[in-house]
Each structure stands twice: as structure tokens, then as C-alpha cells.
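Okay, here's what each chain looks like letter by letter:
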Amino acid sequence: MKTVKVYGPGCARCETTAQMVQDAATELGVKVTVEKVTNPRDIAMAGVMSTPGVAVDGQLVHAGGLPDAAKLAGWLSA
Amino acid sequence: MSADTQGTMPQRSRPDWLWYGGAALAGILWLLLYRQLIPFSDWATSLFPVARDSHTGEAIAFFLYDVPKVLLLLTLIVFVTGVLRSWFSPEKTRAVLSGKRAILGYPLGAALGVLTPFCSCSSVPLFIGFVSAGIPLGVTFSFLIAGPMVGPVGLGLLFGLVGWRIAAIYLVFGFTISTLAGWAMGRMGLERYLQDWVRELNAGPAPGLPEERLTLVDRMRIGLEQVREILGKVWIWVVIGIAIGALIHGYVPEATMLRIMGGEAWWSVPAAVVVGIPMYTNAAGVIPIVEALLGKGAALGTTLAFMMSVIALSLPEMIILKQVLTLRLIAIFIAVVAAGILATGFLFNAIL
Chain V
1 MKTVKVYGPG CARCETTAQM VQDAATELGV KVTVEKVTNP RDIAMAGVMS
51 TPGVAVDGQL VHAGGLPDAA KLAGWLSA
Chain S
1001 MSADTQGTMP QRSRPDWLWY GGAALAGILW LLLYRQLIPF SDWATSLFPV
1051 ARDSHTGEAI AFFLYDVPKV LLLLTLIVFV TGVLRSWFSP EKTRAVLSGK
1101 RAILGYPLGA ALGVLTPFCS CSSVPLFIGF VSAGIPLGVT FSFLIAGPMV
1151 GPVGLGLLFG LVGWRIAAIY LVFGFTISTL AGWAMGRMGL ERYLQDWVRE
1201 LNAGPAPGLP EERLTLVDRM RIGLEQVREI LGKVWIWVVI GIAIGALIHG
1251 YVPEATMLRI MGGEAWWSVP AAVVVGIPMY TNAAGVIPIV EALLGKGAAL
1301 GTTLAFMMSV IALSLPEMII LKQVLTLRLI AIFIAVVAAG ILATGFLFNA
1351 IL
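So the protein lines, in turn, are chains V and S. Residue numbering for the first sequence follows the numbering used here, starting at 1 and increasing by one per position. Residue numbering for the second sequence follows the numbering used here, starting at 1001 and increasing by one per position.
Simulated from the structure, these hints should not be mistaken for laboratory data. Quick reminder that beta carbons are idealized off the backbone N, C-alpha and C, glycines included. It is possible that some hints are incorrect.
If you want a taste of the chain S side facing chain V, the calculated C-beta under 7 Å gives, among others [said to hold, decoys possible]:
id: 1; residue: W1087
id: 2; residue: P1090
id: 3; residue: L1115
id: 4; residue: C1121
id: 5; residue: S1122
id: 6; residue: V1124
id: 7; residue: P1125
id: 8; residue: I1128
id: 9; residue: A1133
id: 10; residue: Q1323
Lysine-lysine pairs mimicking BS3-like chemistry, simulated, CA-CA at most 25 Å apart [claimed, not checked]:
id: 11; chain 1: S; residue 1: K1092; chain 2: V; residue 2: K71
id: 12; chain 1: V; residue 1: K36; chain 2: V; residue 2: K71
id: 13; chain 1: V; residue 1: K36; chain 2: S; residue 2: K1296
id: 14; chain 1: V; residue 1: K31; chain 2: V; residue 2: K2
id: 15; chain 1: V; residue 1: K36; chain 2: V; residue 2: K2
id: 16; chain 1: V; residue 1: K31; chain 2: V; residue 2: K71
id: 17; chain 1: V; residue 1: K36; chain 2: S; residue 2: K1322
id: 18; chain 1: V; residue 1: K2; chain 2: V; residue 2: K71
Coverage of chain V stretches by chain S, computed from C-beta distances (three or more under 8 Å per stretch; other residues unrestricted) [stated by the list, open to error]:
id: 19; region: 32–45
id: 20; region: 49–57
Modelling step: build the complete structure from the supplied sequences, incorporating the hints.
So this is what it looks like as C-alpha cells:
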């Protein structure tokens, strides 16, 4: 069970990123809960300056733009 | 690594030579298309049952010439910018700016504002990230003003539609305003006008992400992605802007233009700024209008002031920034930038 946080103020790319995480997890058969963090304060406190940002189990792994699908699979299966 | 699960990604398997070859081919195709713009618009205009030199004919010709031209220019500019900006990131910019002495910080902040990729939707986290890292408020403002004001799309289109002289003037003055406005606001000690929660924020050093190593092909992929995303978003603004430009070009008599936007009327500069602030479009939409205005004899200072206030001061951005800035600080921000724009407008109307 992994907890994935997607940081972003609700822009189109943030939604896409959340969906990508969900899809990748389904494909890999990994159980995840995806949490969208939209509060600007929480986004900033997580150290994310370019959205969308992605954290897996509390570890920030990505910031800025859509994540690469292959890397996403890597984070989820690590 | 479970490599076999990643075989579903088709873009991974595209070999490098295909990217290089494709880029070269696209470049040649671009040039060929660009050189056909005038014959194409002449031919397309002749399909309409109106005389070429009538008002309607002029407007249609302007529209049919500018739409493909702006879209072609935009594609090239966005791609090149996307590739160049892949060397920069807000995280790196923050590291550079937080270690700089204040006086160097303002021009550097403005320069990095142009080069760092960021979208207005993440300007709040970016603002907080900068301020909490100890970057002076004024330098942060220089960064935030320069980003939209001296953006490559605006400069590139100005260069392509109006000419290099005006593009160069715009670059120099846009950059100067960003630097000086940030400096002036830095001197005012405005920290107390941040929203309370931002002032109390004491973010430690952000967890650094491991630096990604990108190949040239990765960067080209980023550029292409940008083209797809930005053109998909702005094309409608481009078409609207060109339609307005075409109407001005075809129908507005020069005498009227000279009376409203000529250099004689001193009030035309402040009026252009006031009209420009609530207008929300982007550089790609406003520059065809600028092209038409200048073509009809509008004064350069007035036109520059209009363009700068449309691009640099936008209401939606202010609403986003409201989350971190108090209304009072937003008002100061608008006033300082508007003062810089007014000064530029008056200066050019006076010397030309």
C-alpha cells in the first residue's frame, strides 16, 4: 500500500498527473491511495515550486510538468 | 527494474536519429511554408467576391496573411523556448537567487524570470518558495514581472510582425521596468503587507530533487510537448487578436487613429494603460493588434504602453496572487509597474 500525493492547485496537468498515477498503479497491480493537495500553503511547505509535484510515501520524487510514464512505474514499484 | 512492463510506451522506442531527422525536416518544411505566406494570402483573398483594395478586402487579406504567419512563428518560438528552458527550473533559479547580493539580484531576478519555465497557475507556490528561501521580496517581484512582460513569445512575434527595432526597444524597456519596479518595491519594505500566514511561514530548506540528466532528444520532446500544449491553449486568442487587428487595418481611418492614439494627445498613454489592465489575453493575441495600430500611425509610446499593460498586468494573475499578497500590496504592485509603463510611453511619444 503506497500513499501518493499529487501537489497542484487544480490545473489541468495536475488532474492528468493524478490520473496517470492511478492508471500506472492499476497496470502494475500496486495498491495506492492518491491524494490531491491543492492548498497553496501545503504545496509550498512540501517544497514544490513547479506544479504538479508528486510524492510517494512522503518522499518528493517529481516537480514540474507531467511525470514520465516509465519513471512513474519505477517509483510505484520500488 | 521491471523493464518488460514499460514496453507499452511507444515514445521511448523512437530512435534518436528519427528526432534529429524529423527536426531537420520540420525546419525545412517550416521555411518553405513561411515563404509561401504572401502568395497564399493573395490567392485566398482573391476567392472572396470583394475588391482587394476595399475596406473588407484589406481586412480579409490582413487576416489570411497573419493567421498562418503567427501560428508558424508561434510554433517555432514555443519549441525553441521549450528546449532552451529545459536547462532551467524554479528550483535552480531559487538556489542562484538566494545566494546573490541584493543589487545584483534585481537584474538577475528579471533575467531568470524570462528564462525559467513556470506557469501562472503555480505562481503562488513559486512565490512562497522564493520568499521562504530568503530571496528579497523585491527580487521576487522582478522575477514575476519579467516572466510575462519580456516573454519570448511576445518578443519573437514582435520581431516577426513589426520588426527588430521595436522588438529591441521593447526588450530593453521591459527588462528595465522589471528591474526597477522590483528594486523600488524592495526599498519600500513591503513584507508587512504579505498575507499573515505567508509571513509566519518558516519553511526549511526544501528537499532537493535529484538532478535529472536530460539528453538533447529529451529536451526536444519537452519542446514538442510545449508546442502541443501552448498552441492548443492560445490559438483562439491568436485568431481573435488577428480579427481585431484586421478590422483596425481595414476600417479605422488614419485620421481617427491619429486623433485617439497619436503622440499629440497626452492622455492617450494613461488611457492605453487603463484600457490594457483589465484586458486579458496573452502576448500572442495582442501583438497582431499592435501591428495594425502601428500600421495606422498610432504613436509608438502609446502602443508600447498598451501592449505592456495588457501583457504584464492581468486581473486573473492578481486574483491568484491575492492568496499571498494583501490588496494593499497588489495595489502597490500595479501602481509601480503602471508607473514604469507610463514613463516608457511618455518617453517614446516625446522623442519620436
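V/K36 and S/K1322: Cα distance at most 25 Å?
holds, 22 Å
The hint names S/P1125 as touching chain V; please verify it with the least Cβ-Cβ distance against 7 Å.
holds, 4 Å
Hint check: is the beta carbon of S/Q1323 less than 7 Å from a beta carbon of chain V?
holds, 5 Å
Chain V contact restraint for S/A1133 - C-beta distance below 7 Å
Hint violated; S/A1133 Cβ to chain V Cβ min 9 Å, cut 7 Å.
Restraint outcome when S/L1115 is required to lie within 7 Å of chain V by C-beta distance:
violated, 14 Å
So, as I understand it, the hint says S/C1121 touches chain V; can you test that by seeing if any CB pair is closer than 7 Å?
At 4 Å from the nearest chain V Cβ, S/C1121 passes the 7 Å test, so the hint holds.
Sort out whether S/K1296 lies within 25 Å of V/K36, counting only the CA atoms.
violated, 51 Å
Hint check: 7 Å Cβ-Cβ cutoff, S/V1124 to chain V
holds, 4 Å
Proposed interface contact between S/I1128 and chain V, which counts if any beta carbon pair is under 7 Å:
Status holds, d = 4 Å.
Using C-beta distances, would you say chain S covers the region 32–45 of chain V, given that this needs three or more residues below 8 Å?
holds (count 5)
Verify the proposed pairing of V/K31 with V/K71, using a straight-line Cα cut of 25 Å.
holds, 17 Å
Restraint status (C-alpha distance of S/K1092 to V/K71 at most 25 Å)
holds, 21 Å
Checked against the numbered hints listed earlier, the structure breaks hints 1, 3, 9, 13; every other hint is satisfied.
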